[in-house]
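**Student:** Given chain A's structure and the hints, the job is docking chain B onto it.
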Amino acid sequence: MEAADKNLIYLYCVTGKAPKLKEVENLVDELYFVYQLGLYAVVSKVKESEFSEENLKKNLADLEWIKAKAIIHEKVIEGIMKNTCVIPFKFATIFDTEDNLKAMLEEHVQDLKEKLKNLEGKEEWGVKIYCDIERLKAAVIHEESGILKIEKEINSSSSGKAYFLKKKKEELMKEAVNKRINEYGQESFELFKMLSCEARINKLLPKEVTEKEDDMVLNSAFLVDKDKVSEFIHAVDDLKTRYNDKGLNFDCTGPWPPYNFCNLSKGKEQSG
Amino acid sequence: MAEQMAHAIQATNLADILERVLDKGIVIAGDIKIQIADIDLLNIKIRLLIASVDKAMEMGINWWQQDSYLSTKARETEIEKENVELRERIERLEAKIK
Numbered sequence: 176m177e178a179a180d181k182n183l184i185y186l187y188c189v190t191g192k193a194p195k196l197k198e199v200e201n202l203v204d205e206l207y208f209v210y211q212l213g214l215y216a217v218v219s220k221v222k223e224s225e226f227s228e229e230n231l232k233k234n235l236a237d238l239e240w241i242k243a244k245a246i247i248h249e250k251v252i253e254g255i256m257k258n259t260c261v262i263p264f265k266f267a268t269i270f271d272t273e274d275n276l277k278a279m280l281e282e283h284v285q286d287l288k289e290k291l292k293n294l295e296g297k298e299e300w301g302v303k304i305y306c307d308i309e310r311l312k313a314a315v316i317h318e319e320s321g322i323l324k325i326e327k328e329i330n331s332s333s334s335g336k337a338y339f340l341k342k343k344k345e346e347l348m349k350e351a352v353n354k355r356i357n358e359y360g361q362e363s364f365e366l367f368k369m370l371s372c373e374a375r376i377n378k379l380l381p382k383e384v385t386e387k388e389d390d391m392v393l394n395s396a397f398l399v400d401k402d403k404v405s406e407f408i409h410a411v412d413d414l415k416t417r418y419n420d421k422g423l424n425f426d427c428t429g430p431w432p433p434y435n436f437c438n439l440s441k442g443k444e445q446s447g
Numbered sequence: 354m355a356e357q358m359a360h361a362i363q364a365t366n367l368a369d370i371l372e373r374v375l376d377k378g379i380v381i382a383g384d385i386k387i388q389i390a391d392i393d394l395l396n397i398k399i400r401l402l403i404a405s406v407d408k409a410m411e412m413g414i415n416w417w418q419q420d421s422y423l424s425t426k427a428r429e430t431e432i433e434k435e436n437v438e439l440r441e442r443i444e445r446l447e448a449k450i451k
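Residue numbers (this note's numbering), protein chains in the order written: chain A, 176 to 447; chain B, 354 to 451.
One chain only, chain A, in its complex shape (with noise of 0.2 Å):
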């Protein structure tokens, strides 16, 4: 009675027109479009193996399963939305069914096309800052009379004293340091919403993650207009030239297909 491996349906983006699958092909068996009322939903064939509920619970503790999948994600999508504008699914968006993926977009139907409308034209961009932290100290003491004070203090003091003073210095170089990363990433970031249609500051992530030596200060993510690429990303440039030596590091990617960009303007998304 052993059941033969049933097929599921992944899906990867909606489209608003007829996909070119050709160049993506080769990334995933089986990948085609399910058409329905104007939009085009890419998708593939996967096996209840390895994506039933189940059994994508067990997959998704391996880390490298899921980097696996989640590289062919990404590469299915950015390779769709070279010729057509893309609202990008989460990861392992799974169907049972054609019809019932049919359903799904007969049912958002309204809200997808409308999502398809506001992103023609326009790319999702990420920048990132990262922060020297111990270069930005050396670079703020010399503007901070406070501080230097205390080190001459410091070096005139019995070791009782130094020591409280020692502290105290570094209470005070925390606040100026902190005081500079929130400014800087501050000031990035509004001149960065200037050039784009849309920002979004997402979660730092810590350096287990990213596996830099700096600490991330600013996570963003902006859709630009296509016409005004060139000029975020020389903004960005800019601003990499002007922070250099403060210990600023800017990290700009893309074009990203707009992960960060496509909620549904209904339901739990909505906010006063």
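The set of hints was computed from the structure by calculation and includes no laboratory data.
Mixed in with the good hints there might be a few duds.
Quick list of in silico lysine-lysine cross-link-like pairs, DSS-like style, CA-CA up to 27 Å [unchecked claim]:
| id | chain 1 | residue 1 | chain 2 | residue 2 |
| --- | --- | --- | --- | --- |
| 1 | B | K386 | A | K242 |
| 2 | A | K387 | B | K408 |
| 3 | A | K277 | A | K181 |
| 4 | A | K192 | A | K277 |
| 5 | A | K368 | B | K408 |
| 6 | A | K233 | B | K449 |
| 7 | A | K277 | B | K386 |
| 8 | A | K288 | B | K386 |
| 9 | A | K233 | A | K220 |
| 10 | A | K349 | A | K382 |
| 11 | A | K421 | A | K324 |
| 12 | A | K378 | B | K408 |
| 13 | A | K242 | A | K181 |
**Tutor:** Below, chain B alone, put in the same frame as chain A:
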């Protein structure tokens, strides 16, 4: 215009991809209902990535919290609630591992 930005895949590390693919993108429930954040024994790295402690708060970076455009009260409360839940979940998981 001669500027050629390296494409996302080459220019970024895997964290960039995972961050987007696992945590962003449009969410419409399919037939398989699974929350990535629900996975028991999720690898530490993924867990950090999508359930990361609020690094910004920890570092004292808070300028955008005063920006009403970016952070409505509702969203903050939602995140706070989520954080509590995630912390509890992590504690439960850690207790299990011990």
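**Student:** For each hint, tell me whether it holds in the structure or not.
**Tutor:** Right, here's what the structure says about each hint:
no., hint, verdict
1, K386/B <-> K242/A, "holds, 20 Å"
2, K387/A <-> K408/B, "holds, 15 Å"
3, K277/A <-> K181/A, "holds, 19 Å"
4, K192/A <-> K277/A, "holds, 16 Å"
5, K368/A <-> K408/B, "holds, 22 Å"
6, K233/A <-> K449/B, "holds, 17 Å"
7, K277/A <-> K386/B, "holds, 17 Å"
8, K288/A <-> K386/B, "holds, 24 Å"
9, K233/A <-> K220/A, "holds, 19 Å"
10, K349/A <-> K382/A, "holds, 19 Å"
11, K421/A <-> K324/A, "holds, 22 Å"
12, K378/A <-> K408/B, "holds, 7 Å"
13, K242/A <-> K181/A, "holds, 24 Å"
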